[in-house]
Amino acid sequence: MLEVTRKGDMIVLGDDAVRIEEGHVLKTATATKELLDNSATAPHYQIGRLDALGNTITEGQEFTYVDYGGTDGEAPAEGTREFKVYKRRELTPEEQSETKGTRTYVFDLAGARKGEEAAIDLGQRIAAGGK
Amino acid sequence: MPSLQSRVLDLGLNVLDTETTHLYLCSQEPTTYTEATSTYALGNNNFGAGGAFGAPAARAPNGRKVSSVAVAAGTITGNGTAAAVAFTDNTNSRLHGSTVLNATQVVTAGNTWTLPSFDVGIPAQ
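Chains as they are written, first to last, in my numbering: chain Y, 1 to 131; chain Z, 1 to 125.
There may be inaccurate statements among the hints.
Claimed, not checked - No more than 20 Å apart at the CA atoms, straight line, and that leaves these computed lysine to any residue pairs for SDA-like:
{"no.": "1", "chain 1": "Y", "residue 1": "Lys27", "chain 2": "Z", "residue 2": "Thr99"}
{"no.": "2", "chain 1": "Y", "residue 1": "Lys7", "chain 2": "Z", "residue 2": "Thr37"}
{"no.": "3", "chain 1": "Y", "residue 1": "Lys27", "chain 2": "Z", "residue 2": "Thr39"}
{"no.": "4", "chain 1": "Y", "residue 1": "Lys100", "chain 2": "Z", "residue 2": "Thr77"}
{"no.": "5", "chain 1": "Y", "residue 1": "Lys100", "chain 2": "Z", "residue 2": "Thr99"}
{"no.": "6", "chain 1": "Y", "residue 1": "Lys33", "chain 2": "Y", "residue 2": "Gly79"}
{"no.": "7", "chain 1": "Y", "residue 1": "Lys100", "chain 2": "Z", "residue 2": "Thr108"}
{"no.": "8", "chain 1": "Y", "residue 1": "Lys100", "chain 2": "Z", "residue 2": "Asn46"}
{"no.": "9", "chain 1": "Y", "residue 1": "Lys7", "chain 2": "Z", "residue 2": "Glu19"}
{"no.": "10", "chain 1": "Y", "residue 1": "Lys7", "chain 2": "Z", "residue 2": "Thr99"}
{"no.": "11", "chain 1": "Y", "residue 1": "Lys7", "chain 2": "Z", "residue 2": "Thr91"}
{"no.": "12", "chain 1": "Y", "residue 1": "Lys100", "chain 2": "Z", "residue 2": "Thr81"}
{"no.": "13", "chain 1": "Y", "residue 1": "Lys87", "chain 2": "Z", "residue 2": "Thr37"}
To be verified - Each pair of labels, with its calculated beta carbon distance range:
{"no.": "14", "chain 1": "Y", "residue 1": "Gly48", "chain 2": "Z", "residue 2": "Thr114", "range": "17 to 27 Å"}
{"no.": "15", "chain 1": "Y", "residue 1": "Asp15", "chain 2": "Z", "residue 2": "Thr112", "range": "24 to 34 Å"}
{"no.": "16", "chain 1": "Z", "residue 1": "Asp119", "chain 2": "Y", "residue 2": "Thr58", "range": "20 to 30 Å"}
{"no.": "17", "chain 1": "Z", "residue 1": "Ser6", "chain 2": "Y", "residue 2": "Leu91", "range": "42 to 52 Å"}
Simulated from the structure, these hints should not be mistaken for lab results. Every residue gets a Cβ at the ideal spot worked out from N, C-alpha and C, and that includes glycine.
Pulled out of the complex, with its shape left as it was, chain Y reads as follows (with noise of 0.2 Å):
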């Protein structure tokens, strides 16, 4: 088991080999006017600007969006957020060569809980080679 240490809002296991963060979901749903409604997402989630993968959003076809919750309206929706686990992978020499040496790892995100508790235990799994 892997020491598990808190740096700023971070949680680090062990030699910063998993990091675990509390964050918004992403969620992907179809574009409708309810669900673009500021009382149901963020105001910049509207139809012909980028959704959060920076594609265009098209009424009636598939988007993702940060669930930061609605901002307007009697009774605006509650955003949700999770834990996320990221493990920290070594850049191959092909990829750090394409980042002109600036870069030689980088966080890929390995899973996500509802709680604190077991976003460690899945930390520790994926830091012990499981998942």
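Got chain Y; can you put chain Z on it based on the hints?
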């Protein structure tokens, strides 16, 4: 809904003014510090604490805002398509916020990037 006076709003915006150190160009909207600075990072500009945003000022039609300092020659660290910009406190490993770009932009490592100033505001009510 209650209204909020400038002192209350400024105490929040002061975090951007005094603690934000970097702007990161990202391939998608980040939800955590790690995503902004590593998982989805394509480039960054290090302003140093206190250098990324100005002091809080009046916001129209109400509330308060801070304005970012324009990026003149940020560093591109990866190849990909930029879709968002994040503002982070790298001293304390915190994501302060993010904004989606008006349009995507293909970027190549080793090049530089620019970004005009943008506002981050909090309404008073």
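Hint-by-hint comparison with the structure:
1. Lys27(Y) x Thr99(Z): With a Cα-Cα distance of about 17 Å, the restraint between lysine 27(Y) and threonine 99(Z) holds, given a limit of 20 Å.
2. Lys7(Y) x Thr37(Z): holds, 15 Å
3. Lys27(Y) x Thr39(Z): OK: lysine 27(Y) and threonine 39(Z) at ~18 Å, within 20 Å.
4. Lys100(Y) x Thr77(Z): Holds, because 7 Å separates the two Cα atoms, which is no more than 20 Å.
5. Lys100(Y) x Thr99(Z): violated, 27 Å
6. Lys33(Y) x Gly79(Y): holds, 18 Å
7. Lys100(Y) x Thr108(Z): Judged against 20 Å, a Cα distance of about 10 Å means the pair holds.
8. Lys100(Y) x Asn46(Z): Cα-Cα ~18 Å, so holds.
9. Lys7(Y) x Glu19(Z): Given pair lysine 7(Y), glutamate 19(Z) holds - Cα atoms ~16 Å apart, limit 20 Å.
10. Lys7(Y) x Thr99(Z): violated, 24 Å
11. Lys7(Y) x Thr91(Z): holds, 10 Å
12. Lys100(Y) x Thr81(Z): holds, 17 Å
13. Lys87(Y) x Thr37(Z): This hinted pair holds, its Cα atoms lying about 14 Å apart.
14. Gly48(Y) x Thr114(Z): 17 to 27 Å: Since the Cβ atoms of glycine 48(Y) and threonine 114(Z) sit about 24 Å apart, the hinted range of 17 to 27 Å holds.
15. Asp15(Y) x Thr112(Z): 24 to 34 Å: At 33 Å between Cβs, range holds.
16. Asp119(Z) x Thr58(Y): 20 to 30 Å: holds, 28 Å
17. Ser6(Z) x Leu91(Y): 42 to 52 Å: Holds: the Cβ-Cβ distance is about 46 Å, inside 42 to 52 Å.
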